[in-house]
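J.: Given next are the chains, with one letter for each unit.
Protein chains: 2
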Amino acid sequence: MTEDSLKFPVIGSDALKATFRSHASGVAIITSHDDHGNPIGFTATSVTSLGSNPPLVSFNIARGSSSYPQLVVGREVALHALSAENLELAQRMAGPKENRFTQADYELVGKVPVFRTAASILIGKVRERFEVESNAVVILDIIRGTEPMRQERPLVYYQRGYLTATERLAENS
Amino acid sequence: MTEDSLKFPVIGSDALKATFRSHASGVAIITSHDDHGNPIGFTATSVTSLGSNPPLVSFNIARGSSSYPQLVVGREVALHALSAENLELAQRMAGPKENRFTQADYELVGKVPVFRTAASILIGKVRERFEVESNAVVILDIIRGTEPMRQERPLVYYQRGYLTATERLAENS
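For the protein sequence lines, the chains are U and R, in the order given. Take the first sequence: its letters are residues 879 to 1051, numbered as in our numbering. Take the second sequence: its letters are residues 879 to 1051, numbered as in our numbering.
So here's chain U without its partners, still in its complex pose (with noise of 0.2 Å):
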């Protein structure tokens, strides 16, 4: 057990845009409103769940976003959870802005564009903002949800692309 064998040959942002290639994620879309009521969202994928008691959701985000100056305390916010079926959808928020909502795909809950197709939907309030460097960590407090749909297949992003699982390899026991 030494160090001579293990390698560090790539630093700092090269190794982490190197690694986070391969680390798969899941894929979600965060929706809001802007002041004048505007619908606003994108997709993310770096939600994830920060404890259920009380319910608490995590997301990154970077500070220079439209977005971000949006996401103020107390705003509400919706959380779509994304099946492959949602491919389309997912492609649609990561594109260019002008486009997110020009369909009629989208219902409103208060003033929060939600979209009826996803896998499963929590509606939720920003709680908290940590600012670190050019990028920021936003908190949810949890309000309620939909009943998920059954579904099998997640939407996975990882390599540049987006992928589906459904080769279970082990359960949790």
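These aren't lab readings, by the way, just hints derived from the structure by calculation. Among the hints, a few may not be true.
It does not matter which identical chain is meant; a pair holds if it fits inside one copy or across any two.
[Claimed, not checked] The calculated lysine to any residue pairs, modelled on SDA-like cross-linking and capped at a C-alpha distance of 25 Å, are:
no., residue 1, residue 2
1, 895, 1008
2, 895, 920
3, 1003, 941
4, 885, 1050
5, 1003, 940
6, 1003, 929
7, 989, 1047
8, 895, 939
9, 1003, 1014
10, 1003, 1048
11, 975, 892
12, 885, 911
13, 975, 989
14, 895, 1025
15, 989, 949
16, 895, 965
On the provided structure of chain U, position chain R as indicated by the hints.
T.: Quick look at chain R alone, frame taken from chain U:
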């Protein structure tokens, strides 16, 4: 576009749990050491990038876990991204603490235990911790990493089990 057709019957933590069962995540292992130099580590499904300039990573942890008091600011940490071939390692590092480091399959980098069979390994340091209720978001500065192995079968956690994702649906354009 009314809210009448969308129902949100599931409340609070039940809603969160139901949704996150159906939200896929990549699987990673975090390792470090305690104040006496003993190895610590655990399987984590909340690891995500927090920007590449500077290179930062975040993950979530229960403040009540035995590892949390050891992950003090400045502590060196290794982050292992896992492929399907690392299933047994993921299971072991999620199991009983006394079995996690009994097999001599790790090497020490400084005082940090590193599993060289992992698909990709990053070395970093705890930069900051944000405590929220009974959990915390831990931020790492990434220093360097291995040359990631070429692999096409990421390890994914979904619906209480381990899967791999091999069915590519679309490339990111």
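J.: A separate judgement is required for each hint: does it hold in the structure or not?
T.: Going down the list of hints, with the structure as the test:
1. 895 x 1008: both (22 Å within a copy, 24 Å between copies)
2. 895 x 920: both (21 Å within a copy, 22 Å between copies)
3. 1003 x 941: both (18 Å within a copy, 23 Å between copies)
4. 885 x 1050: Neither way: residue 885 and residue 1050 sit 33 Å apart in one copy and 31 Å across, limit 25 Å.
5. 1003 x 940: Intra 19 Å, inter 21 Å, cutoff 25 Å: intra and inter.
6. 1003 x 929: Cα proximity of residue 1003 and residue 929: in one copy and across copies (15 Å, 24 Å).
7. 989 x 1047: neither (42 Å within a copy, 32 Å between copies)
8. 895 x 939: Both, since 16 Å and 23 Å are each at most 25 Å.
9. 1003 x 1014: both (16 Å within a copy, 18 Å between copies)
10. 1003 x 1048: neither (35 Å within a copy, 32 Å between copies)
11. 975 x 892: neither (28 Å within a copy, 33 Å between copies)
12. 885 x 911: Only across copies: residue 885 and residue 911 sit 20 Å apart there, 47 Å inside one copy, limit 25 Å.
13. 975 x 989: within (18 Å within a copy, 47 Å between copies)
14. 895 x 1025: between (36 Å within a copy, 11 Å between copies)
15. 989 x 949: within (13 Å within a copy, 41 Å between copies)
16. 895 x 965: This pair counts as both: shortest intra-copy Cα distance 23 Å, inter-copy 23 Å.
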